[in-house]
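Colleague: Take a look at the letters that make up each chain.
Number of protein chains: 2
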Amino acid sequence: MKQIVIREAGPLDMPRVLELIRELAVFEREPEAVEVTAAHLEKDGFGDRPAFKCFVAEVEGYVGGMALVYPRYSTWKGVVLHLEDLIVTESMRGIGLGVALLNRVVQYGAEKGVKRISWEVLDWNKPAIDFYKNKGALLLRDWDVVHLDELGIQNYLNNI
Amino acid sequence: MKQIVIREAGPLDMPRVLELIRELAVFEREPEAVEVTAAHLEKDGFGDRPAFKCFVAEVEGYVGGMALVYPRYSTWKGVVLHLEDLIVTESMRGIGLGVALLNRVVQYGAEKGVKRISWEVLDWNKPAIDFYKNKGALLLRDWDVVHLDELGIQNYLNNI
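Here the protein sequences come in this chain order: A and B.
For what it's worth, our numbering labels the leading residue of the first sequence as 970, then goes sequentially.
For what it's worth, our numbering labels the leading residue of the second sequence as 970, then goes sequentially.
Each hint should be verified, as a subset may be incorrect.
Because identical chains share one entry, a pair is satisfied inside a single copy or across any pair of copies.
[As the list claims (entries may be wrong)] Keeping only pairs whose Cα atoms sit at most 27 Å apart, straight-line, the calculated DSSO-like set for lysine-lysine is:
id : residue 1 : residue 2
1  : Lys1046   : Lys1022
2  : Lys1081   : Lys1104
3  : Lys1012   : Lys1084
4  : Lys1012   : Lys1102
Please keep in mind that the hints were generated in silico from the structure rather than gathered at the bench.
All values reported here derive from a predicted model rather than from experimental measurement.
Take these sequences, add in the hints, and give me the full structure.
Modeller: Structure (structure tokens):
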């Protein structure tokens, strides 16, 4: 079995991380939605006040997966950890990268002392849902995600 | 009509803000879930690296509502704004506090240049859903929220 290495991503990983983000966007049927560039990721994720932390999964020096997290604030639990993306490239599924990345994320959350790790999943992505449930996660089906997008923000302000 | 004042909350508002948080938790049928104290809110929301920003709605000097926001990171859109809570106390509904608070949140997001403002709503809270849709927000019903709670984190780590 090939050895999986999980490590913190650095700025030089961002072009490959962006490829993984785009691959997921295609899977989620929204390939045009990715407006972020590698330069944005480098600027936003590193430096004085990083907006996220990223872990990558390597096999033989090749990055086959990534997990991207940042803190949120629960008015019930205080600072919590949010997992924005957990991506394994299609050609490297089934060899343990997803589990290894999630293990690292949960360990990181425990190190930070958070009382919750949250994420979102598409309700038709049964393999992902089964994987998460098997790991003890709770699916909150009665909560809906609401977005006011860029155009929505403009329209909103024009109608105040 | 009574004048509504929307202003940024300070540390001294946190005891009243916590009352509003608890009132919402009762409405959401989870009154025991609030572990945060006013001291936590004061420590986490103010100082060098605040974990959130809070706005309060006042009528005649009495705080009848609040909105609490913080940045998130979208791998598609970059830094976005998340509205964790928008609460109006029951006795002061219907006089415009909710709209005034949401207006301020959307203005704040626009000032920050974000491409999205997100939040979550309970799928049985029809008045809230109608209010948000009327304001141009999109309901993403195919996304489910996933939580690994404090016990789940411990169990997870014990089974790695």
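Colleague: Is it within a copy, between copies, both, or neither that the alpha carbon of lysine 1012 lies no farther than 27 Å from that of lysine 1084?
Modeller: Between copies only: 17 Å across chains, 29 Å inside a chain, cut-off 27 Å.
Colleague: Regarding lysine 1046 and lysine 1022, is the shortest C-alpha distance of 27 Å or less found within a copy, between copies, in both, or in neither?
Modeller: Result: close both inside a copy and across copies, 21 Å intra and 16 Å inter.
Colleague: Reference check for the pair lysine 1081 and lysine 1104, CA-CA at most 27 Å: within, between, both, or neither?
Modeller: within (20 Å within a copy, 37 Å between copies)
Colleague: Have a look at lysine 1012 and lysine 1102 and pick one of within, between, both or neither, based on CA distance no larger than 27 Å.
Modeller: For lysine 1012 and lysine 1102, neither the intra-copy (35 Å) nor the inter-copy (34 Å) Cα distance is at most 27 Å.
Figure legend: structure checked against the earlier numbered hints; the only hint not met is number 4.
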